[in-house]
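Spelled out, the chains give:
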Amino acid sequence: MTESAQQQQQQRIFERLSQAVVDMDETLAEKIATMIVHEGLDCTKAIETGLGEGMARVGKLYETGEYFIPDLLVCADALQKASDILKTGLYQYPLSKGRVVIGTIYGDTHDLGKNIVTLFMTSAGYEVLDLGKDVPARLFVDEAVKWNADIIAISTLMTTTMKNIKDVIDLLVTEKKREQFWVMLGGKPISYNFAAKIGADGYAQNAVQAVKFLDNTISKLRRY
Amino acid sequence: MPEIIFINEQKTLFVAEGTTILNAARQLGIVLETPCNGIGTCGKCKIKIGSDYFLACQKSITENIVVITENKEQENRTLKIVSGGQSFSYQLKPFISKQFDGEKTVVYGGNAVLGTEPENTSELCYGVTVDIGTTTLVVAIIDLSSGKEIASESRLNPQSAYAQDVLSRIHFASNNEGLKLLQHVLIDALNEMIGAIADKVKISTKNIYEIVYSGNTAMLHLACGINPKPLGQYPYITQIHGGEHVTESTLNISPFGVIYLPPVISAFVGPDITSGILASQLYEQKETVLFIDIGTNGEMVLAKDGCLAATSTAAGPAFEGMNITCGMRAGNGAVERFRIADDGSIDVQVIGGIRATGICGSGLLDMTGELVRTRIIGKNGRFTSQKIIDHLQEKDGKKTFFVTDEVFLTQNDVRQIQLAKGAVRSGIESLLTKMNLMKNEVNRVEIAGSFGYHLNEKSLLNIGLLPVEFEGKVKFVGNTAQSGGTAFLLNKDFRTKMIQVASEIQKIELANNEDFEKLFVASLGF
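Keeping their order, the protein sequence lines are chains A and B.
Numbered according to the working numbering, the first sequence spans residues 1 to 224.
Numbered according to the working numbering, the second sequence spans residues 1 to 526.
Note that these hints are calculated values from the structure, not bench results.
There's no promise every hint is true.
[What the hints assert, rightly or not] For the chain B half of the interface with chain A, some residues (derived, Cβ under 8 Å), not all of them:
(1) ILE39
(2) ASN380
(3) GLY381
(4) THR410
(5) GLN411
(6) PHE520
(7) GLY525
Ideal placement from N, C-alpha and C gives every residue a C-beta, glycine not left out.
The whole structure should be built from the sequences, with the hints applied where relevant.
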């Protein structure tokens, strides 16, 4: 087979993987991932194009309302399983596109959205440290420093706790650590304007957007 | 500085350049719907400048403008708010009593003398119940000598102008200035309502001696001028506990009139539910009864042999027609009933019998229920791709169900309803688990709340807000915050009783339940 024919075949396999994720077919996704590893295909590319593409399509379907939270969770399962298998085929293991410390800000106990974001980030190849819910500002900063994270991701569902997020940024500024981390926000009441106003670096409307934000940011960091 | 004129309200304001129209409206106390809290996503704060429409929260003022809003007075008049609720028979034993001693009339509160009035006024003895909801206010004057309700009125809560949902309002009132403002507009509205209905039935507000405040915990913080901030943060603690009179002197009633606040159960289960428990006599039931107040918060109480457990779920504003593309309150023009006949034709009932302009909560549940029943919406909430019917068409590339050309239900709207019903359903499941009960062991389900009254059992079952095991057991009990409040007013013995009941209720905080997330996700499907 010529090189381009081989690449075409590889591309078709990645497309099937992407389709399996969109179809919420966990078993098929696992099967294709296993095959990719066995055949010695490019696993990094499989994660980036195969799973990445699938994730992007799921994101579009979610935004139009076609897919909903339970669908996201099933897709995330398929992503995770396939991603775990593909990671075993990497030369450098574990693969880490970057490190994220994530949590729901203190005062708020809602974490379903944050959990979905975590699943998507992990499947996309990021290392994620989930601090859980009702997380004090101090803990975000300390854990991010301790773990040498690239990104601090903060979530809230309630209007009443939005302003608590600013405490994390204030802490980073006072302790002269603001430049060490990118801070991104998410959650129903958050908007791009709010994120900008309190001095965060970005905002993502949903899990897929969050991964997109990471990809863009990390490429700017050029650390990996 | 540019000038903004709200033509319908006849109000004018000079503002700094760049101020949004929403902010200007808020400064003037003009109500614009803002369920998304002004982030530009819900589209409900639409206003008109010239012949163009804008979102008030996104449109900055850069030059002199004239703004046309929807007329709220009109909405107040046509709005369907239920003021009456189920009650029970009890002895007339009000806290307030009056006695003429041959010279003057002495007014007693319990055994204590509250004050005296010249001449014999003993026949003129009134009380008021007030239900302070996040969205609506209901006020009723009760004759304490006969126990009869003599007049009532309801309207939208004017605090909505400043912050629409409970959390935004807690946020707004977290500082003293905001708190004072919200308390002030509420008290003004209550005084106006009490004054207006007293006038109508020709009684003097000076002969009103006691007011019972029902309502949710957050609204009562605001009514009492107490900072609600701790309600909006885990571990969600209430600053007021009720079961006592509160000091508040700005209501225009008798100079020695008092305000009674029923026991507060928790941060999100308020005196409106205590009143509901009283009105439904939940603590006396031999049967297993589930009591649910369906509104923005779905508060619920499960009672079995005098044992009570309560919880509250954040249903969000979808049931009030908010966060829904064509959603509206239950006023003229709202689709309130919806049915799909066997031949696939649709049957729509519109409030006021006019052309449909939107869909209200009951209409939404009816529509979703029927669409699920006829499988136009699948179990996963998605519009079907197989069935071709006239009403289901693509709009901007998304499947949309059209009632008329202008009134429709989008896929995202269905998602909002799923979130709301999923919250209530998972609350029900949590309560049942907590009390070790099977669904079929529930003998009766009582749906309270002014909104609940317009619903029908079939829709609630079709969308899975209630489990199928509840079929035939559902009873709509109306505004029990009001009828229970009246019971508090008319028989003082309930006050001690309910303090005990409220303290003994098992309070269940769903945030602490590890499995809640799974349960919630599982409850999203139809």
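Now the hints, each set against the structure:
no.: 1; hint: ILE39; verdict: holds, 4 Å
no.: 2; hint: ASN380; verdict: holds, 7 Å
no.: 3; hint: GLY381; verdict: holds, 6 Å
no.: 4; hint: THR410; verdict: holds, 7 Å
no.: 5; hint: GLN411; verdict: holds, 3 Å
no.: 6; hint: PHE520; verdict: holds, 7 Å
no.: 7; hint: GLY525; verdict: holds, 6 Å
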